[in-house]
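**Q** Protein chains in written order, with the working numbering: chain A, 68 to 647; chain B, 2 to 119.
Derived from the structure by calculation, the hints contain no laboratory data.
Virtual Cβ for every residue (Gly too), placed ideally from N, Cα, C.
There could be a bad hint or two in this list.
[To be verified] Every beta carbon over 10 Å from chain A, so not counted as near; a handful from chain B, in silico:
hint, residue
1, M2
2, V3
3, S4
4, V30
5, S31
6, D35
7, A41
8, A45
9, L46
10, R47
11, A73
12, E76
13, R99
14, E116
15, R118
[To be verified] So the derived label-pair ranges between C-beta atoms look like this:
hint, chain 1, residue 1, chain 2, residue 2, range
16, A, V496, B, S12, 28 to 34 Å
17, B, S12, A, E505, 22 to 28 Å
18, B, R20, A, V496, 18 to 24 Å
19, A, M484, B, M2, 16 to 22 Å
20, B, S12, A, E380, 49 to 55 Å
21, B, R20, A, G605, 52 to 58 Å
Residue strings, one per chain:
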Amino acid sequence: LKGPGRALVPIAIAGVAAGCVPLLLGLAGERADGWPLLAVLGPLVTWAFVGTGLFAWLRRPASRVGQMMVAVGFIWSVSTLTLSEDGRLFMVGFLATPLTYVALFHTLLAFPDGRLHSRLERVLVATAYVSATVVHLGVALFFDPLGGPGGLPENPLLVGDPELGETLGRARAALGTLLVAAMVVILLRRRSAAKGSQRRALLPVLATGALVAALLALWLVARVGGLTEAQRGLEDARLVVLALVPFAYLAGLLHSRVAGAAAVSELVARLGEPRHRRGGLQTVLAEALGDPSLAIAYWLPARSGYVDVDGNEVELPLERPGRVCVPVESGGARIAAILYDAELDLDAELVRAVGAAASLTLENERLDAELRAKVDQLRASRARIVESSDAARRRIERDLHDGAQQRLVSLALSLKMLESKLGGNTEAVAELAASRRELEHALAELRELGRGIHPPVLSDRGLGAVLESLAHRAPLPVELDAAPGERLPERVESTAYFVAAEALTNVARYSRASHARIGLRREDGHVVLEITDDGVGGADPAAGSGLRGLLDRVAAVDGSLEVDSPAGGGTVVRATIPCA
Amino acid sequence: MVSVLIVDDHSGFRTQARRVLESEGYRVVSEAGDGEAAIAAARALRPELALVDVFLAEGEATGFELAARLAALPEPPAVILISSHDGAEFDTLARESRARGFVPKAQLSRAAIEELRP
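If we strip away everything but chain B, and leave its shape as in the complex, we get (with noise of 0.2 Å):
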C-alpha cells in the first residue's frame, strides 16, 4: 500500500481526505496542519507521496514552496498539491515547482492521483 502524507491547515478536510483515501487503498502515515509538522512527518515517515495544500494559513509559506522542501529531503516523497482553487490559477506556477501536479481538493481520488504519480 501507498504510504501518503496529508498537509493542509484544514482538519476537517484532512479527516474527510483520509476517509476517501484509506477507502482507496491508500495507507495514510500522518497529517501535517503546517510546513513544519510536514517536514518533521516526510523525514521521520518517509511517506512515498505528500498531498500538499498550495494556500496554508496565513503567514506560512505557500504550498510551491513546501513541495521544494518537501522534494530536497532524501528519500523524498512524490508531492502533488491540492487546493479548493481551480488550477488554471496556478497552472504555470504548479508547473515550474518541484511539484508532480495540481488536484482540485473536491476531485480527490486514486485516478487523479496515479495519473500524477511516477
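Chain A with its partners taken away, still in its complex shape (with noise of 0.2 Å):
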C-alpha cells in the first residue's frame, strides 16, 4: 500500500476488532432468546460498511461517501452493544442504534460526493440527528426494559415513570416514521433525476437503501401501533437488507468500472480518427467521460505552468472546490492534467487510465499547445524588437538634427559673414563660394541621411503629413487620397510610411510610371495603404529585397503586403495593418 492508503491501515484494523463486538457478545451471552442474528449478521454488517467505505476513500478521496460509509460502519458496532448484559454497555449500543440509520440515510442523501444538494434536505438530516441524539436521550431516561421483552439488563439512566417513557418513544417514532418517509421519497426522486451510466452505478445503492428506510418506517409504525410481535419480524429482514447496502454500493462502484473500461476502448477506438479541429482530444475525452465543462491543461516545461488548448495560461491551482484534477504522465514526465466536475464522482483511477490511453494525443496537442505559446511570444517579442529599432531610428534621427547639422548651419552662415568681409578679394571671394557649395552639398546629403533614417514630419506631424511629403518630392505626379487623419499609433503610422516610401522608390526606379496614386483608408479595425502606378508592373516581392523587407516589416505589426503586379499592367501594393 502507497501513501494514502497506509494511513488507513489502522482504521482497517480498528474495523476488524469492532465488528467482532457483537460475534463475542453473542458468544458469552447466557440469555435465552440468544439475539442469533445480530450476533451473526452484526459483524458481516459492520465489516461490510467498512470494508467497502476503505474502498470507496481510496478510490474517490474527492468524494467523502467513504469516510461516511466507515463511520456508519463504526456506529453500527456501537448499537451492537445491545447484546450485552451489562446495563451500561447495553444502553450505550441502545442509545447509538438510531444514530446508524441517520448516519446511513445522510450517507445516502449525500450520495454520490458526499454533500448534501438542497436546503430541504440539509434541513431533514438536522432534524434526523437532533431526533436520534437529543430526543432519544429524552426517551432512554424513561425506558425500562424490564417492562419489556425478556432477556434485557436494567437501565441505569432510568429516571422516571415507564409509562411516560412509552407515550416519548411512541412520539418519537411517529416524527422518524415522517422523517424516513420524506427520506424514501427524496431518493426516489434522486434515482430517476440520475443519468445514464450514473443512474445505473447509484441504481442498488438507492433501492437497498430506501428498502431499509421503508423496513424501518414500518418498524416504526409498527412501534407507534404497540405490534411487537411484527417488530421483531421488520427487525430482521431490516438487519438483513443493511448488511446488503454496502455490496449493493460495491455493485454500483464495479458497474462504473465496467462502464469505465467500455468509455476507455471506445476512447482508443476514436483517438484513431483524424481531428481536424484544434483541441478536439478535449471534446473528445469530454464525451467518453460525460463531462461536457471537462477541461485538458498542458504543461509546458519551459515555462513550469499550464496552458489549454489555445496557448493562453491556466491559472494555478489546478484543484479547486467542485472541480479535480488528475495529472497525466508519459515516460515519467508530466505531460497535462484532466479537468473534470466534482459533481459527477468520476473514478480517479478511470480518468487516469483514459489519460494514459490519450497520452501520444495528449502529448501531441501539447507540443501544439507549446507552439502556439511560443508563437505568441515570438510575434509579440517582434514586434517589441521593430518599435525599439523605430524609436532607436528617431532617436538617431534627432541627435543628427540637433548636432552635426545645426553646426554646419551655423558653419554657413558664419561663412557667409566672412564672404560679407572679404571685400575686394576676388580669389578668396570664389574661394569661399566654393566652400559654401561644397558645405550646401553636405547639409543636402545629411538631410536626405536623417529622412531615410526616420523623417521628423512623421513624428512630428504624422502619417497623412509624411505621406504629403512624400507625394511632394517624388520625382512624378503622386496624387494622395488620404482621409485626413486623427493621429495613429506609432507602429502603425511608421510601417505604413516605410511601406510608402518604400513602394514610392520603386515606383520611381524600376516602372516608368507617368502617375502615381496613395490611398489610405481605414477598414474594420485596419488601416488600408495603396500605392497604385500605371508602369510597366512585373514586380515580384520574393526578388528584391526592398518588398521582401516591407513583408517582415509589416508582418511585425500583424499586418499583410499584398503586392499585384501583372506585366504590363501597373502595380498595386497593398498594405492592411491592424488599427483598432
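Taking the hints as your guide, dock the two standalone chains into a single complex.
**A** As C-alpha cells, this is what we get:
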C-alpha cells in the first residue's frame, strides 16, 4: 500500500476489531432468546460498511462518501452493544441504534459526492440527528427494559415513569416515520433524476437504502401501534437488507468500472479518427467521460506552468472546490492534467486510464499548445523589436538634427559673414563660394540621411503630413488620397510610412510610370494603404530585398502585404495593418 | 530698421543668425528658445518679423502651431519659418500655416527674407 492507503491501515484494523463486538457478546451471552441474527449478521454489517467505505475512500478521495460509510460501520458496531448483559453497555448500544440509521440515510442522501444537495435535505438530516440524539436520550431516561420483552438488563439511566417513557417513545417513532418517509421520497426522486451510467451505478445502493428506510418506517409504525411481534420480524428483515447496502454500493462501483473500461476502449477507438479541429481531444475526452465542462491543461516545462488548447495560461492551482484534477504522465514526465467536475464522482483511476490511453495524442496536442504559446511570444517580441528599432531611428535622426546639422548650418552662416568681410579679394571670394557650395551639398546629404532614418515630419506631424511630403518630393506626379486623419499608433504610422516610401522608391526606379497614387483609408479596424502606379508591372516581392523587407516589417505588426503586379499592367502594393 | 524676433531651440544658431541679420541691417530685438518665451517676447516687444524654427525641441508645439499663435496676437509679426530641413518636405504644411513662407537656415539672408515679407 502506498501513501494514502497506508494511513487507512489502522482504521481497517479497528474495523475488524469493532466487527467482533456482537460476535463476542453473542458467544458470551447466556440469555435464552439469544438474538442470534444480530450476533451473526452484526459483524458482517460492520465489516461490509468499513471495508467498502475504505475502498471508496481510496478510490474517490474527492468524495466523502467513503469516510461516511466507515463512520456508519463504526456507529453500527457500537449499536450492537445492545447484545450486552451489562446495563451500561446495553444503554450505550441503545443510544447508538437510531444514530446508525440517521448516519446511513445521511450517507445515502449525500451520495455520490458526500454533500447534501438542497436546503430541504440539510433540514431533514439535521432534524433526524436531533431526533436520534437529544430526543432519543430523553426517551432513554424513561425506558425500562425490564418492562419490555424478557432478558434485557436494567437501565441505569432510568429516572421516571415508564408510562411517560412509552408515550415519548411513540411520539419519537412517529416523528421518525415522517423523516424516514421523506427520505424515501427523496431517494426515489434522486434515482429518476440520475443520468445514464450514473443512474446504473446509483441504482443498487439507492434501492437497498430505500428498502432499509421502508422497513424502518414500517417498524416505527408498528412501534407506534405497539405491535411487538411485527416489530421483531421487521427488525430481522431490516438487518438482512442493511447488510446488503455496502455490497450494493460495491456493485455500483464495479459497474461504473466496467462502464469505465468500455469508455476507455471506445476512447481508444476514437483516438484513431482524424481530428481537424484544434483541441479535438478535449471534446473526445469530455464525451467519453460524460462531462461537457472537462478541460485539458497542457504542461509547459519551459514556463513551469499550464496552458489551455489555445496556448493561454491556465491559472493555478488547478484543483479547486468543485473541480478535480488528474495529472497525466508519459514516460515519467508530466504532460498534462485533466480537469473535471467533482459532482460527477468519476473514478480517479478511470480518468487516469483515459489519460494514459490518450497520452500519445495528449503529447501531440501539448506540443501544439506549446508551439502556439511560443508563436505568441515570438510575435510579441518581434513587435517589440520593431518598436525599439523605430525608437532608436527616431533618436538617431534627432541627434543628427540637433548635433551635426545645426553646427553645419551655423558654419554656413559664419562663412556667409566672412564673405561679406572679404571685400575685393576676388580669389578668396571664389574660394569661399566653392566652400559654401560644398557645405550646401554636405547639408543636403545629411538631410537626406536623416529623412531616410526617420523623417521628422512623421514624428511631429503624423502619417498624413509625411505622405504628403513623400508625394511632393517624388520625381513623378503622385496623387494623395488620404482621409484627413487623426494620429494613429506610432508603429502603425511608421510601418505605413516605410511601406509608402519603399513602394514610391520602386515606382521611381523601375516602373517607368507616368503617374502614381497613394490611398489611405480605415476599414474594419485596419488601416489600408495602397500605392498604385501605371507603369510596366512585373514587380516580384521574392526577387528584391526591398519588398521582402516590407513583408517582414508589415508582418511584425500582424499586418499583411499584397503586391499585384501583372507584366504591363501597373503595380498595386497594398498593406493592411491592424489598428483598433 | 525692421525689428526681428528669432525663435529656435539651438542657441548656437541664434547667435549666428543674429550676427548675419544685424550685419544685413535688421534690428534683432529678442531671441527665444521655446514657444512660451516667443509669445511673451512678441507681446512685449511687438517685432515686425519673427523667424520661427519648424521643429522646436521634442515635446514642444511645432513651428506651424507657433506661427498660428503669433499671427493671432494683436499687431502680429510677419512669421517666416526656418529649418535645417529642406522646404520641399513641408511645402504644403508651410503654405497652409499662417506663416508667410519658408527659408532654409543655411540660406538665411536679407534677399530671401525680403522676398517673403509684405
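**Q** Each hint should be assessed against the structure and marked as holding or not.
**A** Verification of the supplied hints:
1. M2: The claim holds: M2(B) sits with its nearest Cβ about 17 Å from chain A, beyond 10 Å.
2. V3: holds, 18 Å
3. S4: holds, 20 Å
4. V30: Non-interface label stands for V30(B): nearest chain A Cβ at 19 Å, farther than 10 Å.
5. S31: Answer for S31(B): holds, closest chain A Cβ roughly 19 Å.
6. D35: For D35(B), whose nearest Cβ neighbour in chain A is about 14 Å away, the distance exceeds 10 Å, so it holds.
7. A41: holds, 23 Å
8. A45: holds, 27 Å
9. L46: Given a closest Cβ separation of 23 Å, the condition holds.
10. R47: holds, 26 Å
11. A73: holds, 20 Å
12. E76: Correct as stated: the minimum Cβ-Cβ distance to chain A is 29 Å, above 10 Å.
13. R99: Correct as stated: the minimum Cβ-Cβ distance to chain A is 16 Å, above 10 Å.
14. E116: holds, 17 Å
15. R118: holds, 19 Å
16. V496(A) <-> S12(B): 28 to 34 Å: With a Cβ separation near 30 Å, V496(A) and S12(B) satisfy 28 to 34 Å, so the hint holds.
17. S12(B) <-> E505(A): 22 to 28 Å: holds, 26 Å
18. R20(B) <-> V496(A): 18 to 24 Å: holds, 19 Å
19. M484(A) <-> M2(B): 16 to 22 Å: Once the Cβ atoms are compared, 18 Å apart, the range 16 to 22 Å for M2(B) and M484(A) holds.
20. S12(B) <-> E380(A): 49 to 55 Å: Given a distance of about 54 Å, which is inside 49 to 55 Å, the answer is holds.
21. R20(B) <-> G605(A): 52 to 58 Å: holds, 56 Å
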